[in-house]
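Peer 1: Using the sequences and the accompanying hints, generate a full structural model.
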Amino acid sequence: MTREEIIKEENLVYKKTALFTDKALSYCPGCGHGTVHRLILETIEEMGIQASTIGVAPVGCAVLAYEFMDIDMMQAAHGRAPALATAVKRLNPDQYVFTYQGDGDLAAIGTAETIHACNRGENFTIIFINNGIYGMTGGQMAPTTLPNMKASTCPYGRDTAMMGNPLKMTELVAQLPGTYYVTRQSVHTAGAVRKCKKAIRKAFENQKLDKGVSFVEVVSNCNSGWKMTPVQSNKWMEENMFPYYPLGDIKVPQV
Amino acid sequence: MKELRLMKGNEAVAEAAIRAGADGYFGYPITPQSEILEYLMAQKPYETTGMVVLQAESEVAAINMVYGGASCGKKVMTSSSSPGISLKMEGISYIAGAELPALIVNVVRGGPGLGTIQPSQSDYFQATKGGGHGDYRLIVLAPSSVQEMYDFVKLGFDLSFKYRNPAMILTDGVIGQMMEKVELDDQIPRSTREEIIKACPWATTGKTPDRERNIITSLDLDSSKQEKHVLKLGAKYDKMEAEEVRYETFGCDDAEYIFVAFGSSARICQKSMEMGRAKGIKVGLLRPITLFPFPKKPIKELAKKVKGMLVVEMNLGQMIEDVQLAAECKTKIEHYGRTGGIIPTPEGILNALEKQIIGG
Ligand SMILES: Cc1ncc(C[n+]2csc(CCOP(=O)(O)OP(=O)(O)O)c2C)c(N)n1
Ligand code: SF4
Ligand SMILES: [Mg+2]
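Going down the list, the protein sequences come from chains A and B.
The opening position of the first sequence corresponds to residue 1 in my numbering, with each subsequent residue numbered one higher.
The opening position of the second sequence corresponds to residue 1001 in my numbering, with each subsequent residue numbered one higher.
Be aware that one or more of the hints could be misleading.
[Unchecked claim] Residues from chain A that face chain B, not an exhaustive set, calculated with beta carbons under 10 Å:
1) 21
2) 49
3) 64
4) 66
5) 70
6) 75
7) 79
8) 80
9) 81
10) 84
11) 86
12) 87
13) 95
14) 115
15) 117
These aren't lab readings, by the way, just hints derived from the structure by calculation.
Predicted model only: the values in this text are computed from it and were never measured.
Don't be surprised by glycine CBs; every beta carbon is placed ideally from N, CA and C.
Peer 2: Written as C-alpha cells, this is what we have:
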C-alpha cells in the first residue's frame, strides 16, 4: 500500500486537535502534562468554545502552556492563577475560564488563592497536575511529595516528622461548599485518558450552571524529576501515588 | 453646574472609580484606606453600573485579580496602605512587565514594618524607584486635595491605558481621611465588549477567527527578545518623561528660596510660605504632581536662580534625591522631614528654612 492509499478519512483513528498550535511541546517525553493539554483542547474544540475561553497558565513546567494552546491566555505569577481567574470570570461571566496549575503552584505558594477561590464558589475550572514534585525547578520537594520519597531538597526521602505529610488539597477543597465538582484522575493509560477527558468535559460544562468551582486533579508522572523512565514512572505512580491519592470522584453534584 | 459633595479623600477615590466607569475594584482592608472598599460596598455599583467590587483574601490576591481583569482590557483597580502595597509588589511588577493598564492607590502610613496607622510619605522610593523587581516604572500621581484624589482616579486610568502601564496614586492618611468639597463629574458608562476589543486589541477577550490568539505574559526565556521588550518599556518611560510631567508652582517668580514638597506636605508648605512672606522672606513652592515622571526641568531652572531649596517630606529624605539630581548642584538643597506619622507644622518648616538654608 502506498502512503496516499493509507491517508484516507476512513482510516483515520486519531487526529491532533485543531487547537494545538504547531509549536513543539516543551515537556519531557513521557510526561503527563502534554496529554492533559490535549484533553483540555479537545474539550474546548468539541464544545465549540474557542472564542469564549480564557486560560490562565501557572509558573511550573506548564508556564508556557500558552505557546501550545490556540486560545487567549494569560500567564500568572507563581500560585496566583485562581486570583486572576476570579477577576476574569467575574468581569466576563459569559466566558469559560480555567486555570492550569502544578502542585507547587496550587498547593504550596498558591494555597490561599486556591482555598479562597474555591470557598467563594467562583464559577471556573481548575485543572491541577499533581506530580508530587517541583518539575520545573529541577525536582525539589513539593507539598505533595510522598513520605520517604526522594527529591533534591529531601535527598534521603521526605521525613514527615520534619516536613509534615503530603497535602491532599483535593480532599480539602471538596469540604468547601463553594466547590461543585471535585475529582481525581490520571492519564497514564488509554482508559484513564478517556475517563479524564470526561471529567474535564464535565468540569467545563459545569460553568454553564454557575454553581461553583469544578476541580480536576490529575495525578501525573514527572519521569525526569523522579529519575525514572516513563514506563517505570507510570508503574511507580500506580504503586505509590494512587494508594495515597486514590482516583475517582470526590464530590459530585447532587441531583 | 457640577454636583458638589463634602467627602473624605478615600470616599472621593471610590466615587471617582464608579463615575469613571471602572469595571472592577479588588481590595483588602487596611487603615487608613478601608473607606474605599467600605464605600464601594455600601454604594453597590454592581447593581447600577455593573462594576465588580470584591474583598479579596489578601493584598496579594487583590493585585492578581487586577492582573487578571486588566489582561481582559478591563478598567480595574486596587487600593491599600503601605504594608499591603509591599505585598502587591510582585503583582505590580508582573502588570508592568505584561504592559497592562491598572490603577493602584497607596494611602501611605508610617513604616517600616507595621509602623503606624498615622500618615507618612515614606513609600516615595517604593513608588518611584521600583519596589517590585525588574526594570519598570509606575506613573505616580501625588494628590494634595480631596478634589485631586477624585480627579486623579480618572487621570490615572487614562494614563495607564494610554501607556499600557500601571499608574499609582501616592497619597497619605491626611488626604485620605480629611473632608473637603468635591466637584463630581457625570457618570461615564463602562466600556462595552465591542469598545474594549477595539481599544485593546491585545486583550484576552476570547480568540475569534479573525485574529491570532492574545497572550498576556511577562516571560521571555530568549534573552535577546527579553532585552527588546525591556528596551520597549524604556522607550515608553522616556515618552512619559517627555510628555506627562505635571507640577504646580506658587510664588516662584520672585522667589529667593523654594520649598519642594508633594501631597499633604505641599499643603502645609503653602502656609509656611505665607508666614515666610509676611516676614519678608521671598519663598516659593514647587509641588510635583507626577512623582514619576519627575519635574526635573523646572527644578533645574529654579535651582539656577534661587539661593536654596528646602525639600519637605514626611520621611527621612527620599524625594530629595530626585531634587538633587535635577538641580545638578546649582543651589544649596536641604531636607526637612518628620517621620513615624508626625505631620510637620508650618512653623517647623519655616524654622527649618531659616536655619538650614538662609542661616546655614
Ligand atoms: C515567586 C516564585 N517563587 C519561586 C519560583 C520558582 N519556581 C518556578 S516553578 C516552581 C515549582 C513548580 O512546581 P509545580 O507547581 O509542582 O509544577 P511542575 O513543574 O511540577 O509541573 C518554582 C518553585 C518562581 N518562579 N516564583
Ligand atoms: S520535568 Fe517533570 S513535569 Fe516537567 S516536563 Fe519533565 S517530566 Fe514533565
Ligand atoms: Mg509538580
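Peer 1: Hint by hint, work out which the structure violates, then give me just those numbers in ascending order.
Peer 2: Going through the list in order, the structure violates no hint and respects every one.
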